[in-house]
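Chain A is already provided as a structure; the job is to place chains F, G and R with the ligands on it using the hints.
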Amino acid sequence: MKYDVKKYPLISNAEIADGIFDMHVEYDSNALPVKCGQFAHVYVPSKTLRRPISVCDVENGVLRLVYQVKGEGTKIMSQMKSGETVDILAPLGNGFKIEQGKRYCLIGGGIGVPPMLYTAKQTQNPLVITGFRDKSLVILQDDFAKAGAELVLVTDNGTAGTKGFVTDILREKINETDEVCACGPTPMLKAVAKVCAEFSKPCQVSLEERMACGIGACLGCAVKVNIGGEEIMQHVCKNGPVFNAEEVVFNG
Amino acid sequence: MKYDVKKYPLISNAEIADGIFDMHVEYDSNALPVKCGQFAHVYVPSKTLRRPISVCDVENGVLRLVYQVKGEGTKIMSQMKSGETVDILAPLGNGFKIEQGKRYCLIGGGIGVPPMLYTAKQTQNPLVITGFRDKSLVILQDDFAKAGAELVLVTDNGTAGTKGFVTDILREKINETDEVCACGPTPMLKAVAKVCAEFSKPCQVSLEERMACGIGACLGCAVKVNIGGEEIMQHVCKNGPVFNAEEVVFNG
Amino acid sequence: MADLSVKIAGVEFGNPLIAASGTFGFGKEYGEFYPLSALGGISCKGITLKKRDGNPSPRIAETPSGMLNAVGLQNPGVDVFIKEDLPWLKQQNTVVIANIAGNTFEEYCEMAEKLSDTDVDMIELNISCPNVKQGGVQFGTSCEGVGEITRQVRKHCTKPLIVKLSPNVTDIASIAKAAEDGGADAVSLINTLTGMRIDINSRRPIIRNNTGGMSGAAVFPVAVRMVWQVSNAVKIPVIGLGGITTWQDAVEMMIAGASALQIGTVLFTDPYAPIKITEGMQKYLDKNNISSVTELTGTIRPW
Amino acid sequence: MADLSVKIAGVEFGNPLIAASGTFGFGKEYGEFYPLSALGGISCKGITLKKRDGNPSPRIAETPSGMLNAVGLQNPGVDVFIKEDLPWLKQQNTVVIANIAGNTFEEYCEMAEKLSDTDVDMIELNISCPNVKQGGVQFGTSCEGVGEITRQVRKHCTKPLIVKLSPNVTDIASIAKAAEDGGADAVSLINTLTGMRIDINSRRPIIRNNTGGMSGAAVFPVAVRMVWQVSNAVKIPVIGLGGITTWQDAVEMMIAGASALQIGTVLFTDPYAPIKITEGMQKYLDKNNISSVTELTGTIRPW
Ligand SMILES: Cc1cc2nc3c(=O)[nH]c(=O)nc-3n(C[C@H](O)[C@H](O)[C@H](O)COP(=O)(O)OP(=O)(O)OC[C@H]3O[C@@H](n4cnc5c(N)ncnc54)[C@H](O)[C@@H]3O)c2cc1C
Ligand SMILES: Cc1cc2nc3c(=O)[nH]c(=O)nc-3n(C[C@H](O)[C@H](O)[C@H](O)COP(=O)(O)OP(=O)(O)OC[C@H]3O[C@@H](n4cnc5c(N)ncnc54)[C@H](O)[C@@H]3O)c2cc1C
Ligand SMILES: Cc1cc2nc3c(=O)[nH]c(=O)nc-3n(C[C@H](O)[C@H](O)[C@H](O)COP(=O)(O)O)c2cc1C
Ligand SMILES: Cc1cc2nc3c(=O)[nH]c(=O)nc-3n(C[C@H](O)[C@H](O)[C@H](O)COP(=O)(O)O)c2cc1C
Ligand code: FES
Ligand code: FES
Chain A
0 MKYDVKKYPL ISNAEIADGI FDMHVEYDSN ALPVKCGQFA HVYVPSKTLR RPISVCDVEN
60 GVLRLVYQVK GEGTKIMSQM KSGETVDILA PLGNGFKIEQ GKRYCLIGGG IGVPPMLYTA
120 KQTQNPLVIT GFRDKSLVIL QDDFAKAGAE LVLVTDNGTA GTKGFVTDIL REKINETDEV
180 CACGPTPMLK AVAKVCAEFS KPCQVSLEER MACGIGACLG CAVKVNIGGE EIMQHVCKNG
240 PVFNAEEVVF NG
Chain F
0 MKYDVKKYPL ISNAEIADGI FDMHVEYDSN ALPVKCGQFA HVYVPSKTLR RPISVCDVEN
60 GVLRLVYQVK GEGTKIMSQM KSGETVDILA PLGNGFKIEQ GKRYCLIGGG IGVPPMLYTA
120 KQTQNPLVIT GFRDKSLVIL QDDFAKAGAE LVLVTDNGTA GTKGFVTDIL REKINETDEV
180 CACGPTPMLK AVAKVCAEFS KPCQVSLEER MACGIGACLG CAVKVNIGGE EIMQHVCKNG
240 PVFNAEEVVF NG
Chain G
0 MADLSVKIAG VEFGNPLIAA SGTFGFGKEY GEFYPLSALG GISCKGITLK KRDGNPSPRI
60 AETPSGMLNA VGLQNPGVDV FIKEDLPWLK QQNTVVIANI AGNTFEEYCE MAEKLSDTDV
120 DMIELNISCP NVKQGGVQFG TSCEGVGEIT RQVRKHCTKP LIVKLSPNVT DIASIAKAAE
180 DGGADAVSLI NTLTGMRIDI NSRRPIIRNN TGGMSGAAVF PVAVRMVWQV SNAVKIPVIG
240 LGGITTWQDA VEMMIAGASA LQIGTVLFTD PYAPIKITEG MQKYLDKNNI SSVTELTGTI
300 RPW
Chain R
0 MADLSVKIAG VEFGNPLIAA SGTFGFGKEY GEFYPLSALG GISCKGITLK KRDGNPSPRI
60 AETPSGMLNA VGLQNPGVDV FIKEDLPWLK QQNTVVIANI AGNTFEEYCE MAEKLSDTDV
120 DMIELNISCP NVKQGGVQFG TSCEGVGEIT RQVRKHCTKP LIVKLSPNVT DIASIAKAAE
180 DGGADAVSLI NTLTGMRIDI NSRRPIIRNN TGGMSGAAVF PVAVRMVWQV SNAVKIPVIG
240 LGGITTWQDA VEMMIAGASA LQIGTVLFTD PYAPIKITEG MQKYLDKNNI SSVTELTGTI
300 RPW
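Chains as they are written, first to last, in numbering that gives the first Met the number 0: chain A, 0 to 251; chain F, 0 to 251; chain G, 0 to 302; chain R, 0 to 302.
I should point out that these hints are in silico values taken from the structure, not numbers from a laboratory.
Keep in mind the model is a prediction, meaning the values are calculated, not measured.
Possibly wrong hints are sitting among the right ones.
[To be verified] Subject to a maximum C-alpha distance of 30 Å in a straight line, what follows is the list of computed DSBU-like cross-link-like pairs (lysine-lysine):
(1) K282(R) to K46(A)
(2) K275(G) to K74(A)
(3) K275(G) to K46(A)
(4) K237(F) to K275(G)
(5) K27(R) to K96(A)
(6) K275(G) to K80(A)
(7) K74(F) to K275(G)
(8) K286(G) to K134(A)
(9) K69(A) to K80(F)
(10) K27(G) to K46(F)
(11) K74(A) to K286(G)
(12) K282(R) to K6(A)
(13) K74(A) to K34(A)
(14) K1(A) to K82(R)
(15) K5(A) to K275(R)
(16) K134(F) to K282(R)
(17) K5(F) to K80(A)
In isolation and in its complexed conformation, chain A is listed as follows (with noise of 0.2 Å):
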C-alpha cells in the first residue's frame, strides 16, 4: 500500500507574512519518507476537494506546509488551531529530481518559495533566488539562510532586497550553476525556461493545476508535455508536479 491519509497532530498555524501561513504538523518521516518537491493533499472542513500544497520541509518529526489564503479552503485552514488534528494525504507526487555533485540554482516565485527550502536543504551549497511583489510577502529568508544557502532576495517593486525580477539574477549567475529548478507563477517558470534554454542548462519547474484525486485517478490535472516530438497529456499530480521544462507545452 503506498498511500496513505492520517490525521497528523497539528502543532502550530501562524500568519508569517501578510496572509501566509505556516503550519507545522507532527509527521513521522520515517514511515513516510518524502522528497522535496512532493506535496500534501490537505482535507479542509466542509470542502468536498482536498487542497494541494507543497513540503515546505520535513524536520524532527515536524512537517511544514506554507499556504497563502486565496479562497475558502486556505481561509478554512488558516483558522485551525493547534490541539486539531490535521487530515492529510501525502507525500504525493514526484518532486525534483536532485542529483549529488550538482549545484543547483533553486527559484521560487511568491507561494512558489516554499517548496524551495525542503529541496535547498537536499542539496550542496544551492544559489537561491527568492522573488516576491512587494515586502509584505517575503518569507523564509531566515530558514534559507539558515541551510546555508547563497540567498538573492528580489521584490517586484523594491521595497526589500534588490528591485526586479528572479530571470534578471538567474542570468546574471546561471553559469555558476548546474541545473535549475523552479516553482512560482507560470509566467515566471516561462522565463526561467527561456534563461535555461538559452544558456543550455537542465531546469525542472513544478506546475500547479486544479486536482481532485491528488494520486492519478481521475485525470483531471492534465496537463500536456511533448515527449520526444509527441504531445500528450500528463498529469500534475501523478507524473508531476515536477516537469522537465523543455518538455512543458505552456500554452497547451
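Chains F, G and R with the ligands only, in chain A's frame:
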C-alpha cells in the same frame, strides 16, 4: 424593527446528560426581552437552515439553551467552545400565555423539559411534572427545585423517580391546578390534551415542526388548527410554537 | 459610487436584488429586519385564484448546501392579496411583483386580468412549481406549453410579464425561447430542482409531498449554466436566481447573463443577506471603477 | 452477520458499492490504499474506440458540497484498455465493468463487440457524458435516442448491459423505460448535472470546457428522486449513484429503489470512503436484524 440577529459570546456548552448539552450565551434581556416558551433560531456553521431551540432560561444576562444531539446540526453545536460566538435570531414565537393568580401545571417530556424551567420562573408555585425515558436523560431537576416548583419526576422504566407517564401524575394532581402547559413528543401532548379535556382544564401545548425562516415568511412550518369549527393553516414559528391544545388538529 | 439600479421591461429597480417568490411571504416579516426599500423588488409568495391550504407538514428538509421545500402554494387567493397585502406592499418603496400559479389557462388569465387592474408593478408567471399538481408545471416543461400559456396570459395582462422557468427540463434555452416568442417581457430562472430525501429509520420521505424543490447554494452552478444558455438564446432580459449566497455569486450570475437577480434560501441562513450582498456588489463595482451594475450583464468570456 | 452481496443481471457483487466511472481510473491508484476486492465492483474510466486526450485544463472546479468536472473522456482507447488494463483488473477479485462512450452507433457497437470477446464482467453504456460533443449525450436525452442505441448495442453485446442515464432531462422515468425496452439488463443513474462556474476576476468560466458535470453531495437529493421515479417505472435493476457520501446515504439510496450503488466524488474527499460506507451498512443491517442488504431495495414507504 422587531427582529434582530446577533452574535452572542458563548460562555459554556457542557454535556449535562447523555447527549444533552447546556449552552450559555451572554444575552442582554433588557434589549430583547424573552417570554417563556419562545425559541431561538440558531445558526450552525456550514448548514443552510438554522436550528430552532427553546429558551430554557434567561437570568443575569445569560441565555440558556438546552438541546439534545439528534443529527448533524446539533452535533456541530455541541462542539462549539467558549470564546466563540453563536449567531442567534431570537426571541421568536408567541410563548406561553401566563396569567397572574393561576396555579399552573407545567409538563415536560424528554427534551421538551427545558422550556418549562423559564416558564416555572414566570409562575407562582407551579406543579412541574418532568418525564424521561431513562435516568441517563434526566435533566434540570436542581434548577426546578431552586425555582421553587413542586417537582415530580417520572421515567418510562422507573430508573429514576416514579415509574410511569407524566399523564399518570397529571390525573392525580390536575385538580390542584388551574391550567396546564406542556412540551414534549406529540404522543405525550395528545395524551396530556386528552386528560385536560376530560377535566375541563385549559391546556397549552408547544409544538415542533421543521422550519426554514422561523418568522412566518416561508410557510414551511404549517400545522392545522381548528378555530371556531374552521380548519386553517397556522405556523409554528409565528402563531406558535404554543397553541391551545383543543384547537390543534393532531392528525392534520 | 457606482449606480446599482437596473431596468427590466421598463420597470426601475433601485438595485438588482429581488426577494424570490415564496421565501419572503408578502414582505411583512422581513420588513421587521430592515426597510423593504433595501431590496430592488419583491416577488410575492405564489398566489392562486382561490385560497389554498398548501401541503401537509413536513414541508421542509435540509440537504447538503441546500434545502427541499414542498409548501404547495399555501396562499389566501388573489382577491385577498389585492385587498389586504398589495396596498401595504406598494407603500414600501420597492418594486412589487405578483407571482401567480394556476390549474388552467383560464385561471392564469383571470388572475392576470385582476392584477392588471391594480398597481402591482409586474406579474411573474409561475409555470414551474414542482410541488403541486396544479402548479402549472404541466405547462412549464414543454415548449408548446410554455409558448401557449404565455400567449394566452399576454392577451389578458397589461403589466410587464415575467415567465419563471423550471430547471427540470432537457433544453432550457428552447423553453425560454418559447416564452419570448409567446410575448414574455422577461424570463426568471431557475425555480427549484426536484429532489427527495428519505428518513432511513421510518423509510418515509422526509417531505410529506414525497418530493420537494431543491434550492440554495447547491443548485447555484446549475442556475449559472442555465442563465448563460438562456441569455445566449433570447433577447429579453433574464432574471437570474438559484442559490445566490454571497455578493460574489451575485456578480457571477450577472456576468453569466442576468440583468437582475432574485435571492431566496440564503435569507433563511441570514436574513440580512440582501443588505450584505448589495453592499458587497457596491464595493466591488467601486473598486473596479465600474460605473453601473448593468455593465456586468453578460460579460462572460467563454473559452 | 448480514449478507452484503447483491446480484445484478446475473453478476454477483461482494457488496453493493461500485466505484463510479471516471473517478477511479482503471483501479491501480486506489489499489494503493486497499485491496480492490473491498469494492463490489469497479466501473472503469469511460473508454472510446480510439485514444482521446480529453479537454484542456482546468478540468475541475469546486462547488458548494460538490464539484464540476470536464475531463472529456481522456482514455487510451478500447484496444489498449483490453490489452493493458483489463488483465490486471480481472485479477483483483472484484466485478469489472467497462464504461463505453462513442460518437456514432457504429462506434458503440464495435466497442461492445470487442469487449464481448474479453472477460470483462459487464458493459455500461455511457450515453450521458455532458462534457464532450461526442459523449453520446445526443442519444442520451431523448427516449428515441436511448431506445435506439440500446437496441443496436444489444445486438453486438453478449455481456450484461447497463445503460447509464443523464439527469439533465425532463422525464427520467420514460428514458429509463426506453432503455429497458431497448434491451438493457440494468440502468445506472445519475450521471452529472450540467453546471458552470465563472471566475469573477477574469470573467472566464473556471472550467476550460465552459460547462462541466456536477457531482458530489449537492446532487444527492436529485439522484434519490430519480432513482425512486425510475425504479417505479422499470422492472430491471437500478444502480443508484450521485452524491453518496455516508453509509446513511447508501442505505437511503437503496430504500429509494437501488439494487446496487456507485460512488465517485466522495473518494476525492476520503479515499477510504468505500470501506467506511460498507462497514456502516454492515453495522446498520446487523443492528436492525436485516439478514441481507437486498432487503432494503425499494422499501420506501411513500406518503
Ligand atoms: C502541486 C501543488 C502545490 C501547491 N503548493 C502550494 C503551497 O505550497 N502553498 C500555497 O499557498 N499554495 C500551493 N498551491 C496552490 C494551492 O493549492 C491553492 O492556492 C489552493 O488550493 C486554493 O484553495 P482555496 O480554497 O483557498 O481557493 P479556491 O479558489 O476557493 O479553491 C477552489 C478550488 O480550486 C482549487 N485551486 C484554486 N487555486 C489553485 C491553484 N493555484 N492550484 C491548484 N488548485 C487550485 C482549490 O484546490 C479548490 O479545489 C499548490 C498547488 C499545487 C497544484
Ligand atoms: C419551536 C421548537 C423548539 C425546539 N426546542 C428544542 C429544545 O429546546 N431542545 C432540543 O434539543 N430540541 C428542540 N427542538 C428540536 C430541534 O430543533 C431539533 O432537534 C434540531 O433542529 C435537530 O437538528 P439536527 O441538525 O441535529 O438534526 P437533523 O435531523 O440533521 O436536522 C435536519 C433538519 O431537520 C430539522 N429538524 C429535525 N428534527 C426536528 C424537530 N424535532 N423539530 C424541528 N426541526 C427539526 C432541523 O432543524 C434541520 O433543518 C425544538 C424544535 C422546535 C420547532
Ligand atoms: C420555501 C420556498 C417556497 C417557494 N415558493 C415559491 C412560489 O410560491 N412560487 C415560485 O415561483 N417559486 C417559489 N419558490 C422558489 C424560489 O422562488 C426560487 O426559485 C428557488 O428557491 C431558487 O432560489 P434560491 O436558491 O435563492 O432559494 C420557493 C422556494 C422556497 C425555498
Ligand atoms: C472526474 C470525473 C470523471 C467522470 N468521468 C466519467 C466517465 O468517464 N464516464 C461516466 O459514465 N461517468 C463519469 N463521471 C460521472 C460519475 O461516474 C458519476 O456518475 C457522477 O460523478 C455522480 O456520482 P458521484 O456524485 O458519486 O461522483 C465522472 C465523474 C467525475 C467526478
Ligand atoms: S488530481 Fe486526479 S489525476 Fe491528478
Ligand atoms: S419557518 Fe418559515 S413560516 Fe415558519
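Does the structure break any of the earlier hints, and which numbers would those be?
-> none
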